[in-house]
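Novice: Chain residues, written in single-letter form:
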Amino acid sequence: MTQAILSLRDLTIHFKTPDGIVKAVNGVSLDLREQEILGIVGESGSGKSQTWMAPMGLLADNASVSGQALFEGQDLLSLEPRALNRVRGTKISMVFQDPMTCLNPYLSISTQMMEGLRFHDRSISKTEAKKRCIAMLERVAIPDASRRFRQYPHELSGGMRQRLMIAMALLNDPKVLIADEPTTALDVTIQAQILDILRELQAERGMSIVLITHDLGVVAETCDRVAVMYGGRVQETAAAQALFENPQHPYTIALMQATPRVEADAETQRLAAIPGQPPNMRVPPPGCAFFPRCPLGAPDLCTAATPPLEERDQDHFCACYKADAPQLLKEA
Amino acid sequence: MSLLRPERSEAALNGAFDAVKSRSLTRLAFERFSRNKVAVVSTIILAVLVLLAIFAPVAEILTGYTMEFQDRNFYSAKPPNWEAKHFLGTDQNGRDIMVRVIFGMRISMLVALVAATVALVVGVLYGAISGLVGGWVDVLMMRFLDLLISYPLTLIAVIALAYFGRNIYIVFAIIGLVEWQIMARVVRGQVLSLRNSDFIEAARATGVPTTSIVLHHIIPNVIGIAVVYLTLTIPEVILVESFLGFLGLGVQEPNTSLGVLISEGATRVEHKPWLVFSPGVFLVLLLMSLNFIGDGLRDAFDPKDR
Amino acid sequence: MAYVFRRFGQMLILVVIALAAVFSTQRLAPGGPFDGEKPPPPEILANLRAYYDMDLGMPSQFMGYLFGMAARDVGQSGRPGRVHWLTIPDRAKVSITGSIYDELTDDDLLVRKWCPWDEWLSRWVSSKPDQRPLRKCGVLRGDFGLSMTKRNIYVNDYVRDGLPGTLKYAVPSLLFALFLGVPMGFLAAYFQNTRVDFAMVSAGMVGTIIPNLVMGPILIYLLAIQLDGFFHWLFVDYLDWVELSRRQRTLNLIPSGKSGGPIHYFLPTLVLGTALLGRIVRLSRAGALEALRSNYVRTARSKGLPNWLILFRHVLKPGILPVVTYLGPVSAVILTGSLVIEYTFSLPGLGSQFISAATDRDYTLLMGTTVILLVFVIVLNFIVDLLYTWLDPRIRTEGSPT
Ligand SMILES: Nc1ncnc2c1ncn2[C@@H]1O[C@H](COP(=O)(O)OP(=O)(O)OP(=O)(O)O)[C@@H](O)[C@H]1O
Ligand SMILES: [Mg+2]
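Residue numbers (the numbering used here), protein chains in the order written: chain A, 53 to 384; chain B, -3 to 302; chain C, 83 to 484.
No wet-lab data here; the hints were simulated from the structure.
Where hints are given, some of them may not hold.
Some chain B residues judged to face chain C by a derived CB distance under 10 Å, without partners named [unchecked claim]: (1) Leu143; (2) Ile145; (3) Leu149; (4) Leu157; (5) Phe160; (6) Ile164; (7) Val236; (8) Ala262; (9) Asn287.
C-beta: ideal position from N, C-alpha, C; glycine also.
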């Protein structure tokens, strides 16, 4: 299709902790293409957030990173701080999960909005910055924007804070927006509103969005392409439609079975929880990370080495030794 | 919570789980503590000091000077003299400083121990009542504590000691009453978190009487944390005692304490530094080791801090 | 704001309770101010007791202490305890010279009445005690009464002499501890778990571990004596530099009495300040660490802001909040510490007055100094609350700290 704007190459993130090394992300290679919305799904702790915080240089101090994150011909991971500061916030920006703690409670919204704008472009006057901020607040449908602009974060509701975060991230007209579970904490109507806003803004500005989420429903509605992560690895990537129509990886299939579908009859539909626990990333299972919970797991084959991502179909990659997994699962 | 199945609440009730859990917790804490080098060294120093205090009379025997013996040849504070066995010098009245410092430390430790126990009792009672009764009583008691924290209680102790004499029991009680607030707060926090914990809920759901819950579940669990904070209270108490002694309000002759000895030397440091140095060094060692041990214990039991 | 005033009110109530407690303990405790070596003859004693209202019941004594007393006829009636409401305002100007003993044997009228503010002000202005009206206005009007052991001195004068002596060292040492401790704590947090961190925390700890009653003598010995001796040796004996006058030859670090240049602030401030330093370093380090690890700092970094801006804008406020809350308890630490430095350096101040009042049973002086010390505590707590509301917008709008 189109060109990649941000590509992760063999990204590996380990955290040093007193109780051992947490191998949070293990060799992720992914492309974010121009003008697409890329969905990232996976269980809690599968490394979704860390994978995308790494190119922004936002990992905790105890992290060690290897690999590359290529953006406009530069490797963001090896950029020195000043150069990185010119990229983040202007060309790539991020919306974090948990809007309640991501805004500084001690500073007014005006301060927090304007600082990103005016630091990167000193020529913007205060009044102009203010005008742009308020316009942006109105764009993300915050009512009574000029009053809100003067308030403090605790005076806003959760949904409003999330919209404020999005507005803040978009102030500098970035090329890439990384949205980390922007809707998880919100109720369904507000969730739909925010997703609408994201989609509109993407179309309007032609940016690329990484949408990290737990929710397959959100992915189906919003994304162009999807990557499924498990145990710090990408297990399957495909165009959204292809993935939903023809899932290849046993984990993806299990995930879909664990998700309620609207069209299914509520009474006949049985949700299948995935048995077992998510892997302990201090001592990840050898070979395929999903093996301990996989219904098709073959002891010798799957534990010998991690399965590589293979192209199953046009632009559809899957990391599983069992090429006929969907059939096998249907029969079982 | 009353929906809990009976087997589970029984399991919680017989306490087997918490016994196991708390034993292994203590083991873990002990391991963490023994990995903390500063704390271990402090423990050794403290042990030496405590032995010195316990066997204080040995110092009298070894040097041949008692606490009150006034050596005529060494009147008006003479520097250390090894031949005469005044290893740390003598004071204004020709008394041997080493012997006096060791006995003073003994008194300081004694006062600290008793006063800290007073603080422990008061603090635990206050905190436990506040946490157990809850409601507006709790709110009121905590408000009072908040205000008290920024209140110069030591000054009130000065007044009380000046008025009610310097009887050693009064000293115990008054110093104990100065240093109980943190203990009360910590105990209340612990009681509250216990009250809301599963196994207490379970016990309550199966109709175990309140007194027995308090006796068998709350008290044993509070004791642990109270002891940890006791080790942090003791240096505070020693400090208050030495402060009062320094101002001439603590223990009285013929007894002495580190604070009293320091105050005797403090104004003469220009010409007779040994008068203040020996008790000063012992006081600092004592406070330092106790503080590090207390910090070590707290970190070992509650590692999330820092 | 409502929160600040509520806190202020609570503190005030606590002060009144404390005053009542001190007031009643001193009167219930054995012994009294007048049983010194030579107790006064019984009739004078009766007059004295009447003058100080000690013949009344305790509640009325306390109310009298707080609000002042209407005029009482003491001498003429010879019956202590009877209260007359006098109507002779010009007799109010009975003055005393020297000891109150002589005056009272004259069987004179002692008159007190409500005191207008201008009179009270003029008393602070006029320094000659014998030009002042002998009357009681009550503590709430700023009248602490006459001292009980030195009966020609007003407690107000004591306080006026002592308070500057205490504040002179308390305020600089607090500022010293704050302006050194907070940056140290922030540095330690920013370089967490490095040598810088270790150095900052242990430097702060020195003052915590060495209590100020030991720190005082040690600093005198090291800085005022050894260092002085070294300089003397270096410049005078060894280098044979210049002829120096006796005064110039020493650093002259030890403060003496009232005379004192800026150099005399050095040692007491250091002693008091280091006692606070460790706590302040630890608290600001913890506050800054928490902020640095917080999600909102991550957001700020995601905006591409440089570290210095993040530190000053996003970390500063939450970082100093724990220090600000500690400023309340700090007042107690400073007060006890100032007792120690007043003793160690033989300085005049409220602390020594407080101690001597307590040991001599000078009830009025003790009450007066207690009031002043408590006012100090209250004022500091009030400032803390103001700072807190200024720093934390959540209190400003919601009315209580979280
Ligand atoms: N600073 C850290 N130190 C140690 N481990 C960490 C640290 N940060 C993250 N981890 C671990 O890395 C793993 C991946 O974390 P990540 O935040 O990417 O999960 P996630 O997929 O975003 O989950 P969620 O859906 O809950 O947000 C987790 O197991 C987490 O515990
Ligand atoms: Mg996440």
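Novice: If a hint holds in the structure, say so; if it doesn't, say that too.
Specialist: To see whether the hints hold, each was checked on the structure:
no., hint, verdict
1, Leu143, "holds, 5 Å"
2, Ile145, "holds, 5 Å"
3, Leu149, "holds, 7 Å"
4, Leu157, "holds, 8 Å"
5, Phe160, "holds, 6 Å"
6, Ile164, "violated, 18 Å"
7, Val236, "holds, 9 Å"
8, Ala262, "holds, 5 Å"
9, Asn287, "holds, 6 Å"
The structure fails to meet hint 6 from the earlier list, while all remaining hints are met.
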